[in-house]
Structure formats: structure tokens, C-alpha cells
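Trainee: Sequence:
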Amino acid sequence: MPSIFSRFKKTMSGKDSNKNKGEEQQFSIQPHPAKSNDPADLQPPQTGGLASNPNEQAFHARDPHVPSQQVMAGLEQPASREELQARQAELNK
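The sequence shown runs 1 to 93 under UniProt numbering.
Everything labelled a hint here was simulated from the structure, so no lab data went into it.
Backbone N, C-alpha and C define an ideal beta-carbon position, used for all residues, glycine too.
A couple of the hints might just be wrong.
Claimed, not checked - Derived Cβ-Cβ restraints for the label pairs, each shown as a range: (1) Phe59 to Leu91: 37 to 45 angstroms; (2) Ser3 to Glu23: 25 to 33 angstroms; (3) Glu23 to Gly48: 49 to 57 angstroms; (4) Gln43 to Ser68: 34 to 42 angstroms.
Could you put together the complete structure from these sequences and hints?
Mentor: Here it is in C-alpha cells:
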């Protein structure tokens with residue numbers, strides 16, 4: 001047991017750190033896992049199955065959102081065709 005306490009005292013007193021005082025700290029650059037500059041290379045490979053094709057994922061979407069009656073009551077009425085044409089003529093001057 002005395003060896004554990006003596007090691008603890010050495011580390012707390014800093015006697016071992018005297019060895020490294022004359023040396024500078026050294027840092028190294030770690031390699032990046034990418035093989036090319038394309039970010040798609042870092043994405044995991046897609047698995048098989050029907051849900052793996054991104055073009056077909058739109059068919060697995062949920063139903064459209066239907067707002068509640070309270071939200072519907074707070075919406076303004078859309079402008080009529082005549083109002084929209086008048087606004088278009090005003091903006092195109």
C-alpha cells in the first residue's frame with residue numbers, strides 16, 4: 001500500500017513534471033476519414049428496400065395538414081380576381 005500513496009504524492013507534488021519542462025509541447029494533425037472532397041462520401045450507404053430511394057420517399061409522406069376551425073376563422077378572405085388584376089396593374093406601372 002505505501003507504493004500507491006508514494007505515487008500519489010509524486011504526481012501531486014509535480015516531481016515527475018520536471019522531466020518535460022525543457023521540451024516544447026508537440027501537436028499533430030489527425031487524418032480525416034474522407035477520401036475525396038465530396039461530402040456525399042461521408043454519408044452512410046443506403047440500404048435496400050422500398051424506403052431507400054429518395055425519389056420515392058414522397059409517397060411515404062403523411063396526410064396533408066388540416067388546420068383547426070379556430071385557425072381557419074383567423075385567416076383573411078382571398079382577394080378577388082378584379083382586386084388581383086388591379087394590384088397587378090398598380091405594381092407594373
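Trainee: Which hints, by number, does the structure contradict?
Mentor: none
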